[in-house]
Amino acid sequence: MERVAVVTADLSHHAAGVSMSRLCKSFGEKVALADVTLAIEPGTFLVLLGPSGSGKTTLLRCLAGIERPTSGVIAIDGRDVVGPRAFVPPEKRHLAMVFQDYALWPHLTVRRNVAFPLTSSARTKGDRTARVDDLLERVGIGHLADRFPNQLSGGEQQRVALARALAADVGLILFDEPLSNLDADRREQLRIEIATLTRAAGATAVYITHDQSEAFALADRVGVLNHGRLVQIDTPEAIYRRPADAFVARFTGVAGEFPVALLHECGPDRYEVALPFAPDERIEAVAFERFQPGDAMSLFVRAAGVSLLCANDPKGVHGRILDVAFNGRGYDHVVSVGQGATLSKIFSPTRFERGRAVKVCFDASSSFVMDPTRGM
Amino acid sequence: MTTALSAAPAPAPIPARRRLSLGTVTLWTILALLIIVPVLCFLLLATSPRLFQQGPESFTLKYIGQAFRGATGRGIVNSLWVSTLVSLLAVGLATTMAWLIHRTNVYGRRIWAVLMWLLLLIPTWMMTLGWGDLLQPYGAAAIWGINTKWIYGEFFGPLGIVIVLTTAALPFAYFVVSAGLQGLGSEFEDAARIHGANRWMTIRTVLPIIAPALLSAIAISFAETMSDFGVAFTLGYHSHFPLATYTLFSAISNFPANFSVAAVIAFVLIISTVPPILLQSRVMRRRSFAVLSGRTRVPRRREFRPGARILATGGVAFFFFVALGVPLLGSVAGSFVKNLGIYSTGAVKLTTTYYQQVFNPSIADKSLGAPLLLSNQMGLVVATVTGVLALTLARRLVANAGGWSQRVTDVFLLGSVAVPGVVLGVGYIFFYNLSFITNNVVNLYKTLPLLMLALVASSLPGQTRFMAGPVSQIQPSLSEAARVHGASRFRTWRTTNLPLVSRVLLWGWLLTFTKTIAELAIAQILYPPSQEPASVTIQAYLGNFELGTGTAMTVITLAEMLGVILVALGLYRILTPKGWRRIGWSGLQS
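Line by line, the protein sequences give chains A and B.
Residue numbers are given in the working numbering: position 165 of the first sequence equals residue 165, and the series is strictly consecutive.
Residue numbers are given in the working numbering: position 81 of the second sequence equals residue 81, and the series is strictly consecutive.
Pulled out of the complex, with its shape left as it was, chain A reads as follows (with noise of 0.2 Å):
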């Protein structure tokens, strides 16, 4: 049985700031980065969020001192790190990080791992070894001290990466998708731990994941990265209500994708349109650009903006359950709305029978009229 991390104290001291301009990198042909600019706010818990691909583990390591980038800068505390005439090893940037596949020294026990940043600091011995059990007790493996990596669960490790990262007492923290590896119930139980602690050791964090629920879960801010690019980066909450293009829409997740026409605007930011599936139907959808009456757009839907009915109720579209999925909290539903479209993850807390008959509604807030083209 794993033990719970417990926050007793706040390790704040100075956040760090950091800066991105114009940050490319390029692996022969392989555009990495391109063109990234980005600024960091001391204090602030930044998730970077993308595919395979994306670059997000390129920009990470760029930041860390690992990889090299092609051109652009970067700035940690006001001080440039990487630049046309500087570039800072990783050793002197003063930041710490937590690996995927967790990089504990196999040689070294799970103290000594922990120990090992403060190995060169000024500290004493005493003080050396009171912050290691103190940490150890934090991340909650103090019992396993004196165990080697591989005699530990993932979960386990991930903790002594966790501890490690802290034990550096720097004011940037990275992590390279520390989750990745560990299974559901583990995950959830870290992902609290690394907020927490993180946020009381007053560092600012910057974390990569492709999990859009680890990553809003997380984050104060959200950046989402695809082929390279930095598309948006915003608050969960406004990446999710106002997503920047098609592709920030579907990787932050909806519960369905049509082809639909404009019929007309129909207030400020919003259009009313006809569905494929349902020629009767009108709905209201946000748009966060101009179109013209008439033009090829699709439709994005948030699960959430979408509501199951019974088939009898005068409003909605008419719908067939196709599956249905117990969640613990309700039922999720994937729903057939007519010609091949469905909708996936539908909530409600009572359960719809597969093949039974429903009608759909759908909320305007959480239906976004967009170019699907664009973020290709």
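Because the hints were derived from the structure by calculation, they are not lab data.
Think of the CB as a built atom: it goes at the ideal place given N, C-alpha and C, for glycine as much as any other residue.
Hints should not be assumed to be uniformly reliable.
Unchecked claim - Only pairs whose alpha carbons sit at most 25 Å apart, straight line, appear in this in silico DMTMM-like list of lysine to aspartate or glutamate:
no., chain 1, residue 1, chain 2, residue 2
1, A, Lys-315, A, Glu-289
2, A, Lys-345, A, Asp-332
3, B, Lys-578, A, Asp-101
4, B, Lys-578, A, Asp-133
5, B, Lys-338, B, Glu-560
6, B, Lys-578, A, Glu-188
7, A, Lys-345, A, Asp-146
8, A, Lys-125, A, Asp-101
Claimed, not checked - From the derived model, a few chain B residues whose C-beta atoms are all more than 12 Å from chain A:
no., residue
9, Gly-55
10, Tyr-152
11, Tyr-237
12, Leu-389
13, Val-484
14, Gly-486
15, Ser-488
16, Pro-499
17, Leu-500
Mind docking chain B on chain A? Use the hints.
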């Protein structure tokens, strides 16, 4: 607030790290002088002897014709068929042994793994000597009243050559196949069985997964056998069964020396080993052992029933008895037989005279003391220099995976593994004796440094490939984590890399050390006058038909080598932290 910044003017590119660093240039200069240039110059003699004032012809093919006629031609043909047969036999036996030791519950698995290392360390000429001492009439077998006349004639011919070379090639094949088998988790077998395959079908299904390992084992066994000099110089010569390495040696040691014919034979030796090694390399690239991921389950051992378990253990023990026990027993027992190999009518008498003669020699100025000390000193230098160079090359090979530097290094190493010691020795004697080199660059001809350089050059390719595997197993993130958490390059290497490769460094060092002490081909060709290494001194006794003294010297040399191994392993155990010794390395563990 976190915000995207507005567009800024395009910044200047960040200077990339210099592609051709001083380190790279230095390293390749060393490699060029060590291996590439001497061997290439020597090979050029095959068709262009005039280039180096070795004949009037600027371009000729006549030496190729000469090399394929008579004894040299027979040597080439013999080497090819013997190497083919030996590699197949060695891989068949090695696969069986690896399966029994790693995948079944035979008794004494740790002992067998250690004995396999011992087999790897004993040079073929020592094995040949042991077999000869045991089997020859009035030899060691006579102590137990065993008549060996009927087999002696057979042993001194292709049969004996194939037996000794098979046992010598087997450890190379065994370690390659073991690496493949150990990572081959039981899920593949389970999946086949669950989906209805019987035992035979399961084997047929699973075996192709380790095909790269098998092919690799065949290639390395073939290359090792082709390039062996110990058996060719002893058993091959005495049984009038010429092998290419010996005919090459003869071509330059006979008067007048014929470097051009020697170069043709060298060329044949190299090009016959390059294709299998290249093929193995290509197959390995496409079907790497990467099937063996971290998710692969720990292999399940086949649980033999008690009777079958004893039988299987007996089979393994019998193999080691034949491969290791017989030659060791032959050598040790032979060294105590009075008048070893000389006709006598009475019962066999035992004596310790030969051991007294080891350091009070019958041949003037040919005590083993100084040569053995010299061999140890050379072993120390050669093993240390080779270790440093091999680790540097292995790190480059792994660090630049996919890059041009890695490809060049890889091709160089593959090619160099195929260069037999005898070719290197002759290449050195030729190249470093060129008047241009001796007058303008450095005069190393007939000096100890030249001998040691050749020994380093001979060990380096194999050592590098030996280390590349374990070095590649070190996740780059371990070093990155150290750097990110404040460690300098040196501290990163010392605290996170060195412990992980310490064991392979130690074994690599011991391997080179022992091989240097017992090395025969290069030593025989390049030893400076009055500075004979141990192997040359011992051969002088054996060549002078003083078998007893030669055998006693061999036993002492072998015992000394084993002593060094035990001391080194003991020191490693005492001096290194516990964590260092926890790091598993498949090649060393049973």
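Checked hints:
Under the criterion of a C-alpha separation no larger than 25 Å, the hint pairing A:Lys-315 with A:Glu-289 is inconsistent with the structure, at around 28 Å. Between A:Lys-345 and A:Asp-332, the direct Cα distance comes to roughly 5 Å. Compliance with the 25 Å bound is thereby established for this hinted pair. Between B:Lys-578 and A:Asp-101 the alpha-carbon distance is near 23 Å, which keeps this suggested pair within the 25 Å criterion. Restraint check for B:Lys-578 and A:Asp-133: satisfied, since their Cα atoms lie roughly 21 Å apart, inside the 25 Å limit.
The suggested pairing of B:Lys-338 with B:Glu-560 holds, with an alpha-carbon distance near 23 Å, which does not exceed 25 Å. Of the supplied pair hints, the one linking B:Lys-578 and A:Glu-188 is violated, its CA atoms being roughly 35 Å apart against a limit of 25 Å. With a C-alpha separation of about 46 Å, the suggested pairing of A:Lys-345 with A:Asp-146 is violated against the 25 Å cut-off. Proximity of A:Lys-125 to A:Asp-101 is assessed by CA-CA distance (about 29 Å); at most 25 Å being required, the pair is judged violated.
With a least beta-carbon separation of about 49 Å from chain A, B:Gly-55 lies farther than 12 Å from that chain, consistent with its non-interface assignment. The Cβ of B:Tyr-152 sits about 53 Å from the closest Cβ of chain A, beyond the 12 Å cut-off, so the non-interface label holds. The beta carbon of B:Tyr-237 sits about 49 Å from the closest Cβ of chain A, which is more than 12 Å, so the claim that it is off the interface holds. No Cβ of chain A approaches the Cβ of B:Leu-389 within 12 Å, the least distance being about 25 Å, so the stated non-interface status holds.
Listed as outside the interface, B:Val-484 is inconsistent with that label: its C-beta sits roughly 5 Å from the nearest C-beta of chain A, within the 12 Å cut-off. Residue placement check: B:Gly-486 does not keep its beta carbon more than 12 Å from all beta carbons of chain A (closest about 5 Å). Distance to chain A contradicts B:Ser-488 as a non-interface residue, since its nearest Cβ pair spans about 6 Å, not more than 12 Å. Its closest Cβ contact with chain A, about 4 Å, brings B:Pro-499 to no more than 12 Å, contrary to its assignment away from the interface.
With 12 Å as the threshold on Cβ separation, the claim that B:Leu-500 sits away from chain A is violated: the shortest Cβ distance comes to roughly 7 Å.
The structure does not agree with the numbered hints 1, 6, 7, 8, 13, 14, 15, 16, 17 stated previously, though it agrees with the rest.
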